[in-house]
Amino acid sequence: MSSPRVMTYSLAINEALHQAMEADPTVFLIGQGVKSPWYVGNTAQGLLDRFGPARVIDTPVSENAVTGAAVGAAVAGMRPIVVHPRMDFMFYAFDPIVNEAANWHYMSGGCSSVPVVFWGIINRGGEQAAQHSQALHGMFAHVPGLKVVMPATPYDAKGLMLAAIRDPNPVVFVDDRWLYGQEGPVPEEPYEVEIGRGRLVRGGKDVTLVASSRMVHEAERAALLLEGEGIGAEVIDLRTIKPLDIDLILSSLDKTGRLVVVDGGWRTCGLAAEVAALAAERGFGSLKAPVVRVTLPDCPAPASAALEKVYYRTAADICRAARKLVTGS
Amino acid sequence: MTYPKEKILFFYRQMLRIRLCEEAFVDPILKGEIRTPCHLYSGQEAVAVGVCAALDERDYVFGNHRSHGHYLAKGGDMKAMAAEIFCRKAGCARGRGGSMHLIAPEAGMLGAAPIVAGTVSLALGAALAAAIRKDGRVAVSFFGDGAVGEGVVYECLNFAALKRLPLIFACENNLYATHMPIRECRVERDIWEIGVPFGIPGEKIDGNDVMAVHAAALRAVERCRSGGGPYFLEFLTYRLRGHVGPDDNIQGTHTDIRPPEEIVAWRGRDPIDRLADYIVAGGIATPAALKEIREEVRQEVAAALEFAAQSPPPPQEEVNLYVFA
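Those protein sequences? They're chains A and B, same order as listed. As numbered in the numbering used here, residues 1 to 329 make up the first sequence, in order. As numbered in the numbering used here, residues 1 to 325 make up the second sequence, in order.
Bound-form chain B, shown alone (with noise of 0.2 Å):
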């Protein structure tokens, strides 16, 4: 299956709009001028995008600790993203969120949060209102395979299934819970059959395939749309860099336990890379046209993060301001 050249262009912008954005907190963070915990999504890109881009605007999207992927893709503000994660109050959360609670509610980014099964039940609930209003929209819970271990999946499961409720289980399978391998937390099974005795489909993807996220994130969106019911997606991807920062490094013991060939090999599948080959094998575009799509792309980047770094604090006074609405 193949897409309009526009289309599959926006899905390289948008990726690189997230990778260079996570390279570019890389340096800021190891300085201690980013000190909120940044789970970066560097490697993951493909998920995010090629779901977001089977959604629309209306359509919403709840995220985890890792949300900074989500957020852009959905079509969150850079600007005020890069602000949050400096926890300015030019923030989207107004600097009391940080990097783990990012939010759109105007694009449909409903939230995010670090209790890694936590937005499952919220994504269920949107889902709900969805089904209540009859308006046609969709829900996408972006949760890890961490998150699998909790047992509020199992009863957003039933629940979504039961009453038919238009929700995307979208598991980004990056193979560790934190420092946990994935063998060391379930059985070797795949991840998307825990929806096949509730009746919920699904299918396992090569999430660093985005052309293939893309795919079933449709299969999964027309599903929901036309009344069928809960889908359950798996992406088997990697994150390029630690489980929080960009190397993992705990006061200064480095502790990303995982094989350095195996992150070689993952790189060797980097989804940007293979959307590039793709596009310029394709004919799609030129490498000088990709090259001119990434300067354009760091330099917004680089905006942002000048006009985060630049931007002031919330004021002590106002510490208590949002306890109630």
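Bound-form chain A, shown alone (with noise of 0.2 Å):
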């Protein structure tokens, strides 16, 4: 038997998109740069010389124009993704993507939806400063209507961008520059990721870690490392923060008692706040110990490298925390 075939996060994303064109003709990718690896890498190659200008969309920096035109066509039957290449210069799009596009099914009492793809690349790091950094997976997880997902690896990136063009509402698909090199297996057919559904990355007794994207690698490092000093962690990688697997969170909370939520946006009102309160309020009766978060300060993104050094968490705060948390010290 051949080894399964091996890809990057970004082509996986890319493979994703050409599957989804070729299936259907009302998918279309529209944003700024969508014709440029300066913006979205190769996450979108090829796909302007196969299915041409109508359907592959650069457009002028007009953030909420573009998103809203793309929640227009969702409403008129396309299955629109609009991609972000800096998820910062989303809060131009928020109206059409909070206003508009998740309230659209309720407030028309069911008879319209919005089949549509709101992409959004985290590009922190780089001494690219606090408007060029952010994570605003928790902003839109708190919104009624909107679905996020988060994907961790290349297989995921593949599946949950084809579940997300699929999904009859609007999902937004919160992906991260520095997973772009991740490679891992992807079978080649095209297959959807379960939207709502998390996965055990590794059994441990000790204690949970529940991450999300890019801060499931430092928790399965972080994994390693406590192994070696006896700490069995198990890891779960959420792949979908909105709605939220609570059943898998749970059923490891039973098992270790304690829990870790580490996440890569800020600390008030965020996604570890929201699977701490879940802990608490259905996971009571498990817990040896206090719910800890590694999240970011609630602080905005610095551009020294220096001060970004302390403000990204890595593997080794979130081993502080799960060696507390089971020791004592």
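Hints are computed from structural coordinates only; laboratory data are not their basis. All C-beta atoms in this analysis are idealised placements derived from N, C-alpha and C, irrespective of residue type, glycine included. Treat the hints loosely; a few may be bogus.
[To be verified] Here are some, though not all, of the chain A residues that point toward chain B, as calculated from beta-carbon distances under 7 Å:
{"hint": "1", "residue": "Gly-72"}
{"hint": "2", "residue": "Pro-96"}
{"hint": "3", "residue": "Gly-145"}
{"hint": "4", "residue": "Pro-168"}
{"hint": "5", "residue": "Gly-230"}
[Unchecked claim] A short, non-exhaustive set of chain A residues, derived as facing chain B with CB atoms under 8 Å:
{"hint": "6", "residue": "Asn-64"}
{"hint": "7", "residue": "Ala-73"}
{"hint": "8", "residue": "Met-78"}
{"hint": "9", "residue": "Gly-109"}
{"hint": "10", "residue": "Gly-110"}
{"hint": "11", "residue": "Ala-130"}
{"hint": "12", "residue": "His-132"}
{"hint": "13", "residue": "Asn-169"}
[What the hints assert, rightly or not] Beyond 12 Å from chain B on every Cβ pair, some chain A residues (computed):
{"hint": "14", "residue": "Gln-45"}
{"hint": "15", "residue": "Leu-278"}
{"hint": "16", "residue": "Arg-313"}
Reconstruct the complex from the two isolated chains, following the hints.
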């Protein structure tokens, strides 16, 4: 048997786009820089040549109108993917995303839906400072009517992109430029990763590490280090942050009794706070120790590399948190 | 330019359907039976009717907070609208949308929303969908003079022009953005001129003259269908009621600050009276025939209101229904 095909995270997204556009003429890609690797890396390579400028639409810098156009096209029967190569610029598009797309199915009493993918790329690091580094998934997850996915692996990047495109609802697809070079097995045929279903990355009996997107890999590194110290860390990749795979989180908590929630977003009212609240509400009986959050501080992203080093959380931070929970020191 | 008798009488009937509906809501609003904020369309009927009569059923329309008229003119069901305004289960949005979210996808009325320029980009997207499919559809964005204070309109003008999309920007200039006279909102220039820097032609039309509205809409539709790109129509009109509710009665305070003589002057330009005069003077129909139409519409409206008032509210256990498709 041949070993499974390995490809990078960014090319897995690219393959999903090719396959979705090939299979369904209503799918189109729109956004700033879709024909420029400067903006979207190689995620869009070959699309323009293959599907033409009518369905691969590079746009002026008009986040609000372009995102609204994707929403309107979805209402009119298309399945658009609108890309925001720097997620920070999506604030200009909150009106069509939140006021219109998220509310649309509800406020139309179910007679209209918005099958659109809002694709936002996190661009942290590189001394890019506060407006080129933000991770806004928590804000989107707060809004009823939006689904939010955050793939950590090439396999999930392809499967969740295809699932997001085919979903009848607006789905926010959040990826992270730091993941684009990640390699992993990716089947050639089209497939979907179910939205709302997390993944048990590795088993462990002492503590549960819940993470998403890039932080899954930090959590995995932390679990390896902890293993060396005799601490068994179970790692859960949420994959979808709205709706959360509550059962997966609770069943792991039931097993370990300890929970570290790791998130690449801010602390207050963020994803980690939500998972912690779930544990308190529905897993209280399992808890042997308080829940711990490992998140960004409530502080804008700095420019200086020296400051970035202490700003972003790593496996070492996760280890510290887990070790303290399990051993008390 | 003139039109067949049937078309002119259709205009008259459609405008009356909107007017009598709106006026039938006044009493239930005052009694508190209707509580959803109603931005009544009375006085502006010629715009919705003249424009929508230039469209096919498959063409797309998006509206705003003041869209009872757009919904009816595009072919939305009157009973479903009345029930929605009473926020009942039988409403076109199942009691989830209220007055400001009327929708009738089967008639091409794709939706309405009160973020005043919020649906301009959605109409842009509907036009983009039509362009990608090359299906010949046209999209119309109805918005008010207040909406042109929001930046997304200018992004949409640029993008529509750039891609030559079949989009009609239909601005209903009723001279007030809620309480703000237009003079306090923008420099004194015709609104349609905002399309000019983007290469979008347009014109200002007497929005209380349904014949003129319709003629302009036909020009715009023709241009869009033939691949000529977007068109801007500015309709000068006036609302005969308050910004919201019959008389802008906000918690007991009447906030309609429009000069009384201005309101009286515009009542003298009532689009329905003007069309009736035109019909009678031109021998298109007799006053008796118009009276008969009015009686038919009155009955239709009464039946819709009766249906709405007697419909049950949405079941409380279904409050979470329709969050996701």
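Checked hints:
1. Gly-72: OK, holds: A/Gly-72 within 7 Å of chain B, min 2 Å.
2. Pro-96: holds, 6 Å
3. Gly-145: holds, 6 Å
4. Pro-168: holds, 4 Å
5. Gly-230: violated, 44 Å
6. Asn-64: holds, 4 Å
7. Ala-73: Hint on A/Ala-73: holds, closest Cβ of chain B at ~4 Å, below 8 Å.
8. Met-78: holds, 5 Å
9. Gly-109: holds, 3 Å
10. Gly-110: Since the shortest Cβ distance to chain B is 4 Å, the answer is holds.
11. Ala-130: Violated, about 23 Å.
12. His-132: Since the shortest Cβ distance to chain B is 22 Å, the answer is violated.
13. Asn-169: Holds: closest Cβ of chain B sits about 5 Å from A/Asn-169, inside 8 Å.
14. Gln-45: holds, 21 Å
15. Leu-278: Correct as stated: the minimum Cβ-Cβ distance to chain B is 18 Å, above 12 Å.
16. Arg-313: holds, 32 Å
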